[in-house]
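Enquirer: Listed here are the chains, written in short residue letters.
Number of protein chains: 2
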Amino acid sequence: MQQVAASTAFIGSALPLRRAPSNRAGRLPRASLVCRAQKQDGQTGGKRLVASSAATLDAPVEEGYQSVWTASYDFDNESPELTKSWKKTMKVAVTGAAGQISNHLLFMLASGEVFGRDQPIQLQLLGSERSREALEGVAMELEDSLYPLLREVQLGIDPRQVFEGADWALLIGAKPRGPGMERKDLLDINGQIFAEQGRALNDVASRDCKMLVVGNPCNTNALIGMANAPDLPKRNWHALTRLDENRAKCQLALKSGKFYTSVTNMTIWGNHSTTQVPDFVNAKIGGKRVPAVVKDVQWLKEEFTPKVANRGGALIKKWGRSSAASTAVSIADHLRSLYTPTPPGDCFSTGVYTEGNPYGVDEDLIFSMPCRSDGDGDYEIIDDFVIDDWLQAKIKETEEELLKERDCVGHLIPGATRAVCMITEDTMLPGEA
Amino acid sequence: MQQVAASTAFIGSALPLRRAPSNRAGRLPRASLVCRAQKQDGQTGGKRLVASSAATLDAPVEEGYQSVWTASYDFDNESPELTKSWKKTMKVAVTGAAGQISNHLLFMLASGEVFGRDQPIQLQLLGSERSREALEGVAMELEDSLYPLLREVQLGIDPRQVFEGADWALLIGAKPRGPGMERKDLLDINGQIFAEQGRALNDVASRDCKMLVVGNPCNTNALIGMANAPDLPKRNWHALTRLDENRAKCQLALKSGKFYTSVTNMTIWGNHSTTQVPDFVNAKIGGKRVPAVVKDVQWLKEEFTPKVANRGGALIKKWGRSSAASTAVSIADHLRSLYTPTPPGDCFSTGVYTEGNPYGVDEDLIFSMPCRSDGDGDYEIIDDFVIDDWLQAKIKETEEELLKERDCVGHLIPGATRAVCMITEDTMLPGEA
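Same order as they appear, the protein sequences are chains A and B.
Take the first sequence: its position 66, counting from 1, is numbered 65 in numbering that gives the first Met the number 0, and each next residue is one higher.
Take the second sequence: its position 389, counting from 1, is numbered 388 in numbering that gives the first Met the number 0, and each next residue is one higher.
It is worth saying that the hints were derived from the structure and are not from the lab.
Everything hinted at is true.
A pair holds if it fits inside one copy or across any two, identical chains being indistinguishable in the list.
Once the Cα atoms are required to be at most 25 angstroms apart in a straight line, the calculated SDA-like pairs of lysine to any residue come out as: (1) Lys-287 <-> Pro-79; (2) Lys-287 <-> Glu-80; (3) Lys-87 <-> Thr-260; (4) Lys-294 <-> Leu-390.
The following block holds chain A by itself, in its conformation from the complex:
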C-alpha cells in the first residue's frame, strides 16, 4: 500500500494561475511540484495547481498566487502492520479553517481521536484570500505533529474546489456581526455564504456527504445550505447544538453535585440562540429525572436556561474572545456521537431537518432534537420524549423564531414563497454572532 501521508493544496478562485518557481520542484523527489490544469464545472473556471508541500510551505508565496495549490506526499508505506486495519480515507472539508475553532479542531481530527485510530483522513481546508498564509501555517503545524492518519491536507478559497469528494463538511466559517449590523443583515450575509456552499456541495461533494453547520445563525444557515443542495440527503445536515448540551450537562452536574457522566438524556430543543430549550424534563441525573433530583423548580425554569444560553457571552466578557476550544471539543463530541452506538436510554442533541418529526414541529426547519445513533454515522430522532405543557410552550417559542428566520431568508431558498422579514428583536447568542 502506498500512503499519502499528508499533502497541502491551495484551491482557489478563477484568477490566472501562476506557476510556482520550478526550483522548488527539485527539493522533494516524490512530492514534486506539478502544475496541471483541471477543468472545473464552468461556474468558476478554476484550475488546480499541484505543488509540493513541505518544499513550498516554508518558501515565500508569490503575490497573487490564488488557485488550486496541492502539495502531495505520496509515501512508501514502511509500516504495513500499522495500516492493514485502516479504513478507506475519509475526506473532511472544514471552512473557517484558519480560525480559532478550527485551530483546535483540526488537530483533534488528525490525531484520530474523533473518527477513530483506524480512520485515515484527508483535510480539505477552506479559508479566504486574507487567511491564506495562516492556513498554510496550520498545514505546517499539522505536518510537524506527525499524525500518521493524516494523509492529505488541501487548502483553498473556492468551496467548489475544496468540497470536492468530501465525506464530511464542517461549516465553521461565518461572518461575525459588524458594528451596527442588524440580525436580519447577518442572516442575509451569512445566508449567502451558505447558499453558495450548499450549491458547491451539491455539485462536488460525495453523494452521501454529511454536513455540520457551526457558523451562526447555524440552524438557518443549515436550512439555506440544505435547500441549495437538492441532490444531497436532507437528513445529512446538522446544526451544532452540542456545545449547548455540554454546557447544560455541566450546569446540572454542578447544581446537583454529581459527576458530569451522571447527567444523561440531555437534549437541546430548537434554535442555537437564546430561545433554545435545554430540556430538564427528560434529562436524568444518576438515572432519575432531573426534577426528582434538583428540587428547585424555579432554578430549573428561570435560571438554568439563561445560564446555558448566556455561557458564551460570559466567556467573551471574561477574555474578549469566543469559546474556541470548548466549541471544538463539542464538534468532536458531536462527530463521535454519530460513530459510537448511543447507550440505551441516552441521546445526543443535534439540529436536524424536521421532516417527519414526531413532535409536531414545522416540517421544514433545522431544529435541535433528541437523537440516537447506531454508530454508523447516521442517526434517528428519539420519539418518546415527554413533552409537558411547559416544554411545549418553550418549543413553540423557539420554533416560531426559526420560522421568522426562515421568512427572512426566502430569497436564498430556491422555490420558497417570499415572506416578509419580521425579525426585529435580537435573539443571537451573546458573543456568538
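Keeping the supplied structure of chain A fixed, place chain B upon it in accordance with the hints.
Expert: Quick look at chain B alone, frame taken from chain A:
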C-alpha cells in the same frame, strides 16, 4: 468514593484578600464559597480563598481581587465503575496558562490522552494579574468540555501557591524578547522568573515533582530553575526539544518519501536554539541509518539542520504568531514518552541534566540527549550513540553556546562562580524568543 470533578481556584499575591460576596455562596450547595486563610511560608504571606467555581466564574469579578481563589466541586460519585480503576490524582501545574500553547495543551491534559484514561488530574494554573480573566475563561471552557478525569482546576498568580504539591510543573510562561532587547537581557529577565519558580517548587512542590521547561531560552531557564531547587532531584528537570525532534522526523520523512513512523532513533543534541544538532548519524528510516537512505550528504549536513531550526521562524512569518498547537502536541508527546516504555532501538529527545552523561558533555548543563524510559515517568540517557567527528564538532558548538549562556546567568545560580557574559551573537530560534 467522592469525586472532585473540577474546581477553580485563584491563588494570588500577598494583596489583601477581598471576600467574594456571600450571595454567591448560596448557588452551589456542595461547591460552596468558602473564604479561609491559609498560612503560607512567610515569604509571600498569601492567603487562600476557596470559592465556588461555576457560581462565580460567570459572575463579575471584583476589582483588585487577587489572592488564592478556589472553586471546588466535591461531587458524589454516581459512577463507581468509571472510577474504580483510576489512579491517585496527579497535580499538574502549568505556567503561562492563559497563553496559546496552554490553550491547546490543557484540553489535551484534561481529556486523558496524555497521562492516560485512568489518571485523574488536578490542574494548577499560573497566570499573571493581566491574564486573570483569561485564565478564568479557560477554566470555564474546561468545565464545559465535561472531562471526567479533570478533578480540580486552580488559578493563581503566585508560583509559591500554584505549585503546591505539584507532581508535574510545565513551565511554559516566559517573557518574549521586546524590541531592542539583547539576548543577554532576555536570559536575565527570564532567568529571574525561573529562579523564583525554582525556589517556589523547592519549597512547595511534591518531593518528586518533575519539571518541563518550555519557556525560552529553555535549557538555561531549566538550569536556573534546577539550581534554585536544591531539594528536588536534578534529573527531574527537562527542557523541551521534542518539537525539534518532531520537525526533524517530519523533514526526514519528506526527504525520503517514507512514513513519519518509519523515522526512529531521532535525537536532538544540545540547546533548543539554532545551534541544536538534529542527529541524522544515529537516526534511522525504516530501520536503516539515515545516510544509507538519504544519500544526499550535502542536504543532511547543510540543509536539514536549518530546516528544522528555522521552522518556527517560517511559521511566524506565515501567520504572525508562533506554533502554539504543534508545541502543545510536542509537550504531550514528551510526557507520553515518559509514561510509555520506549520501543527497543528507539529513543526520544529531552534536555536533561548532564551530570554523569556518557558523551563527555560538561556535567553542569541542561543538554538535549537521546533518552529512553521504562514508562514509569523516569528516563535514562542512552549510552551507545555513535559520535562521529562531524557530530562531535556540532555537539561541541552547542555545548559552548550553553556554557556561554551559563556564564551570563551566574548571578541567578546560587554558589556559581561569577563569569563574564560574552554572548553577543543571536542564536535564539527565530520567532521563538
